[in-house]
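A.B. asks: The primary structure of each chain is shown beneath.
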Amino acid sequence: MSRFFANGSDSESESSEEEVQAPNFNKASAFQFSDDEEEVKRVVRSTKEKRYENLTSIIKTIRNHKKIKDIPNTLSSFEDLTRAYTKALPVISKEENGITPRFYIRCLAELEDFINEIWEDREGRRNLSKNNTKSLGTLRQKVRKYIKDFEEDLSRFREAPDQESEAEDEEAHVSDAGEAADDSYAGFKKEASVTAPKIAKSAPAKSVPADDEDSDDSIDWDSDSESETESSEDENQYQNMRERFLKRSTEKGEDKGDDDKRKDKRKEQKLKIRKRAEDDEDGEWETVVKGHVVEKPKMFEKDAEIDIPLVLAKLVEIMSARGKKRTDRRLQIDLLFELRDISDQHNLGVPVSVKIHFNIISAIFDYNQKISEPMKMEHWALLLEVMQSMMKLLLANADISISESVAEEHEEYITAPFYIRGCPLAAVERLDDEFTKLLKECDPHSNDYVSRLKDEMNVVKTIELVLQYFEQCGNPNERCRIYLRKIEHLYYKFDPEVLKKKRGEVPATTATSVDVMDKLCKFIYAKDDTDRIRTRAILAHIYHHAMHDNWFQARDLVLMSHLQDNIDAADPATRILYNRMMANLGLCAFRQENVKDAHHCLVDLMVTGKPKELLAQGLLPQRQHERSAEQEKIEKQRQMPFHMHINLELLECVYLVSAMLLEIPYIAAHEFDARRRMISKTFYQQLRSSERQSLVGPPESMREHVVAAAKAMRCGNWQACANFIVNKKMNTKVWDLFYESDRVREMLVKFIKEESLRTYLFTYSNVYTSISIPSLAQMYELPVPKVHSIISKMIINEELMASLDDPSETVVMHRSEPSRLQALAMQFVDKVTNLVDVNEKVFDMKQGNFFQRGNMGNRGDRGYNRNQNNQGGNWGGQRRDNRNQRNRNQRGHHKNQQQQQQQQVQTIDEE
Amino acid sequence: MANFDLTRINCQFLDRHLTFPLLEFLCGKEIYNQQELLEYILETVNKTNMIDYTMDTRKRLNLSQEMPDELVQRKAEVLATLKQLQNEVAPIMKATDILKNGESMKDSKTFVNALQKDYNFKVEHLESAYKLAKYLYECGNYQESTSYLYFCLIVMSPNDKNYLNVLWGKLAAEILTLNWNTALEDLTRLRDYIDSANFSTIQALQQRTWLIHWSVLVFFNHPKGRDLIIEMFLYKPLYLNAIQTMCPHIMRYLATAVVINRTRRNALKDLIKVIQQESYTYRDPITEFLECLYVNFDFEGARLKLHECQTVILNDFFIVACLNEFVEDARLMIFETFCRIHQCITISMLADKLNMKPNEAECWIVNLIRNARLNAKIDSKLGHVVMGTQPLSPYQQLVEKIDSLSMRSEHLAGLIERKSKQNNKESIDSWKYY
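Protein chains in written order, with the UniProt record's numbering: chain A, 1 to 911; chain B, 1 to 434.
Excised from the complex, chain A in its bound form:
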């Protein structure tokens, strides 16, 4: 049942192709890789120089390719580079004690950044040519795989002073270059003493060629620093420069002086950059942060009068950087907080505060660029807090109306009915989604999950606040949306109060979750005009009812909503909810003693054998690239968080037990019936797999228990059957998961008794002429009237050929075994009946189309067939063709029939 995989990721097919191809590339390169390794065995003198030269030249071409975003060439160059490096590897291990050369690491880091940047930039990526996209994917994977070996070096590189921080792509390029240069300079000083001898040794050999090339580039340093690739070249230059300093600092004095001049300029820029407090910064950075604190008040002019327009202007200024590639998102958040503090200090009023709050929220959302990844914990906490405080502000001040329909220019902050543009609804929806992502991120069995789950309360509280706000002022549509959010946090939670209320243990006026649910859903049913919200509300409503054993209400809702008819057209998330609802409805039906309904509800889920996938509670193990990585990602996004899962073992057990209760008496009743259909395929599979075993041990798993019970039931042994279904092992595994497990167990035993009795009667009725009802009642520990009623039902339904004898309280069997001949005759009649059925069907079918006007129905009688053949000669060409063809068919058909009949006669003869 591909309810929700059917149209899962059609749109992704293109990208998935690319993913599929990736492994092949890898294989190829790996092959070449090893090939080269063999070659490298010969060692030649002066290899080092040669190799390094080779490497740097390739790095240079990579840079050039990167500059023009020529990804395919970058890819091939990268492959060359790896090969060259492998060649150089022995030299490196010999000369540099196995330390990977810095310029190589730098190149890798740059490459990674470059790829990440392009990858992140979805818009840009979509615009890439197909060739480029393809190469990008390959390159990304290769680089990722490759740099795993250099992880340590890379991280050290990134930490080290000559790094170009991870956020390079976000920085203003000029300052970036400056920073890097500066860093390398500072780092040089520090590091010099440590590495000096080593580098000094190796420098002469290599620096000369590198120097030449790079200094060429560096001539137009200042003017041509628009692209960041360029700037990274500059950095490289400085690294080389550092080496040069080591050797002949006086010679390059001019260069250095030049550097110093620039340094002043850069310092200012640097200060700005340093402000974001990187986690992994060392002490050197912190001083800079302090420097920023001094700078902070710069937000406004020292003696500027801070009023609303000014703050708003500042706000706009900050937010205008939003979404730009090089904006520091963390800085933005900090700035906004600061702005909020300032506005609070100056009492600029609630509307401004709300507006700033709102912008903080969107800034926090912006921080995380990848949609699939959850946000950081500290941001999450911050977000919750800001959201709640904003909603409190809104709730406390009814004269503020915040909505999307307010245009920017109509915003009003100064006089009373305030208007602000923004949508708290979208924000809270996003917040909720983020929470789900956070939950899915961590291991459901760890304490981490539990502690994370505690935030659920806060999320619900936030939703509640927004809900209150929209109940005050919001159109029905918005209310529906926020109601649905609340419903989605409510529907899967069990409220014991409901059952207590049903039993009258708590006063009837207590508001239970079912009442709340009713209220919310009814509002949506009445007011919603998008079909999706209503469908989801209905599904959740049914789920909630089913959870609290309101079987009839749940059933009626299902039947009245006609969901089964059009659920296939819904989106995957809704289909998942539908499956969840069905599963729960099945469980509810089972608890409420409606075994047949339970089976009906669950059969669709179970027959596929992958309820786990259908309920979005985990992905099935992948077989031969059934889905691409992209598709897998999408499916992962759909997964339910763990605390909402439905226990699969319980589900399967309930299904199997109800199938057993239906199937076993049915098998017994129709033992010799040729037209017997199986009720449950899954159950049959279990039975068969157990029969295939040569030696059946005592049952261990839940399935084995059910199968063993089914076998016991087949001979009417209810005691054994009940023991297999209800015992300690099964209790802990399955039955204790029900809220009122004792009641369920009682019900189960009752059903087992009844169905065993029926099976017994079906199976053994032919050996009795009469059975006493009281003794049956004793055997099955059922009250006599119950046995009486069961047998009566069987007689009325003509399942059992018997009648009751009232004075002696016995069942008298009438079933006279047919003699052998009679049995065969019956079989024969059955088959002939089939034949006639088929004939009629064929007749009906042909009647509808072409043959309507012709003489067509002559399949029934062979005589007509002959007549027709005679006529056939008189007919016109085309007609004759048709006719002949038909005759052939018919004759063929008749032949078949004859054969069939002959076969049947033969079989009868044999028998």
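Please note that the accuracy of each hint is not assured.
As the list claims (entries may be wrong) - Straight line, CA to CA, 25 Å or less: simulated PhoX-like cross-link-like pairs of lysine-lysine: (1) A:K633 with A:K376; (2) A:K750 with A:K502; (3) B:K353 with A:K786; (4) B:K401 with A:K841; (5) A:K596 with B:K269; (6) A:K60 with A:K142; (7) B:K273 with A:K786; (8) A:K500 with A:K522; (9) A:K793 with B:K421; (10) A:K786 with B:K224; (11) A:K793 with B:K269; (12) A:K500 with A:K486; (13) A:K841 with B:K421; (14) B:K269 with B:K224; (15) A:K501 with A:K486; (16) B:K83 with B:K94; (17) B:K273 with A:K596; (18) A:K500 with A:K437; (19) A:K793 with B:K353; (20) A:K461 with A:K440; (21) A:K750 with B:K273; (22) A:K370 with A:K69; (23) A:K519 with A:K486; (24) A:K145 with A:K636; (25) A:K454 with A:K502; (26) A:K831 with B:K224.
Stated by the list, open to error - Ranges between beta-carbon positions, derived for each pair: (27) A:K841 with B:I402: 56 to 62 Å; (28) B:T311 with A:P783: 24 to 30 Å; (29) A:P785 with B:I402: 37 to 43 Å; (30) B:T201 with A:M747: 37 to 43 Å; (31) B:Y280 with A:T530: 31 to 37 Å; (32) B:Y280 with A:E412: 39 to 45 Å; (33) A:V607 with B:E400: 33 to 39 Å; (34) A:P783 with B:Q277: 23 to 29 Å; (35) B:N181 with A:V607: 53 to 59 Å.
Source of the hints: derived by calculation from the structure; they are not laboratory data.
Where is the CB? At the ideal position from N, CA and C, for every residue including glycine.
Keeping the supplied structure of chain A fixed, place chain B upon it in accordance with the hints.
C.D. replies: Chain B in isolation, oriented as in the chain A frame:
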């Protein structure tokens, strides 16, 4: 027995005037406090223009014999309005009387044309005729009201805003004048109108619920009603749905109708399905009786329920007339089921299950056997009834199956023959072209 009384619920779906017979019926049953009931009637009557009825009720309540001034005044008012309305309508009625004798009465269109041409008929006249009919109805003068309503129905186009009201009014008036034949006609007309008109779902549901309640009155009083009620409630999905969602208590009347209708035994199966489905929203002794008998085969339970049924029916205005029939048929049902299951029954037990004395029961059975409705013999020595039914022998089964086979083949052959003849003709026809 107040807990099975449906009057309160039924009255919600009936017209004010239709509730009076129900309430008066209850007065005679002593289920509720007489005083309270009368007070309630008075209150209801006060909302109508039936001054005399009001006075009558006041008398029964032992209030002052004098007519209060307020009432006197109202009476005068009512009479005045009536006069005025009648004057407005008078000319057009006169014209109708004249035309009635002529040819033009046959068709409503020609009638309207004639009216317009010769008597200066206008829409306002129709309006006032409608008002008058309504007023007469409110005064309790149902007979006259029907004649005006009849006029309205003929003249009005179905698109008129009052058309539905006229239909309803006509039905109510016919019911109140006990004109069951015309009531049935009006009922069908109203039903067709509701089914074809463009109501919103919820409105249609409401209209149908009302119609269902009103029709119960008609169906149990019209000789044809017993078939029609099954037809409409059970086999028209729209109405069955309305019953299931809005008024499951109607199941009582449906069940009664099915039980007392011997010719429609096959409806029983469908009915029981519905009863089981709705058992959580509505159950009363009658539905429980059927459930006991046909779902659980609990004869003891059925007996007890049958006993309860009698009191329930006795206190229900709608079905009180069917009490004897119901008991008789219910007994027969129990007995039939019994016979199908048993091969030998003691008469004493049977008598017990049927709520009869053994002698009576024996007599009853003898009658059944004599009328050839039962293939059985009485063993009077042991006091047993022995069923004469024999199970099907395999031979019989075989013959039965083959029988149907030959029937089907024959049918098929016949079809083919017809076709081939047709074809022959065709081929001969086609010869002519050569």
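A.B. asks: Run every hint past the structure and note whether it holds.
C.D. replies: Going down the list of hints, with the structure as the test:
| no. | hint | verdict |
| --- | --- | --- |
| 1 | A:K633 with A:K376 | holds, 20 Å |
| 2 | A:K750 with A:K502 | holds, 24 Å |
| 3 | B:K353 with A:K786 | holds, 17 Å |
| 4 | B:K401 with A:K841 | holds, 19 Å |
| 5 | A:K596 with B:K269 | holds, 19 Å |
| 6 | A:K60 with A:K142 | holds, 19 Å |
| 7 | B:K273 with A:K786 | holds, 21 Å |
| 8 | A:K500 with A:K522 | holds, 24 Å |
| 9 | A:K793 with B:K421 | violated, 51 Å |
| 10 | A:K786 with B:K224 | violated, 40 Å |
| 11 | A:K793 with B:K269 | holds, 14 Å |
| 12 | A:K500 with A:K486 | holds, 24 Å |
| 13 | A:K841 with B:K421 | holds, 22 Å |
| 14 | B:K269 with B:K224 | holds, 22 Å |
| 15 | A:K501 with A:K486 | holds, 23 Å |
| 16 | B:K83 with B:K94 | holds, 16 Å |
| 17 | B:K273 with A:K596 | holds, 15 Å |
| 18 | A:K500 with A:K437 | violated, 35 Å |
| 19 | A:K793 with B:K353 | holds, 18 Å |
| 20 | A:K461 with A:K440 | holds, 21 Å |
| 21 | A:K750 with B:K273 | holds, 23 Å |
| 22 | A:K370 with A:K69 | holds, 22 Å |
| 23 | A:K519 with A:K486 | holds, 12 Å |
| 24 | A:K145 with A:K636 | holds, 23 Å |
| 25 | A:K454 with A:K502 | violated, 30 Å |
| 26 | A:K831 with B:K224 | violated, 46 Å |
| 27 | A:K841 with B:I402: 56 to 62 Å | violated, 20 Å |
| 28 | B:T311 with A:P783: 24 to 30 Å | holds, 28 Å |
| 29 | A:P785 with B:I402: 37 to 43 Å | holds, 41 Å |
| 30 | B:T201 with A:M747: 37 to 43 Å | holds, 38 Å |
| 31 | B:Y280 with A:T530: 31 to 37 Å | holds, 32 Å |
| 32 | B:Y280 with A:E412: 39 to 45 Å | violated, 56 Å |
| 33 | A:V607 with B:E400: 33 to 39 Å | holds, 37 Å |
| 34 | A:P783 with B:Q277: 23 to 29 Å | holds, 27 Å |
| 35 | B:N181 with A:V607: 53 to 59 Å | holds, 57 Å |
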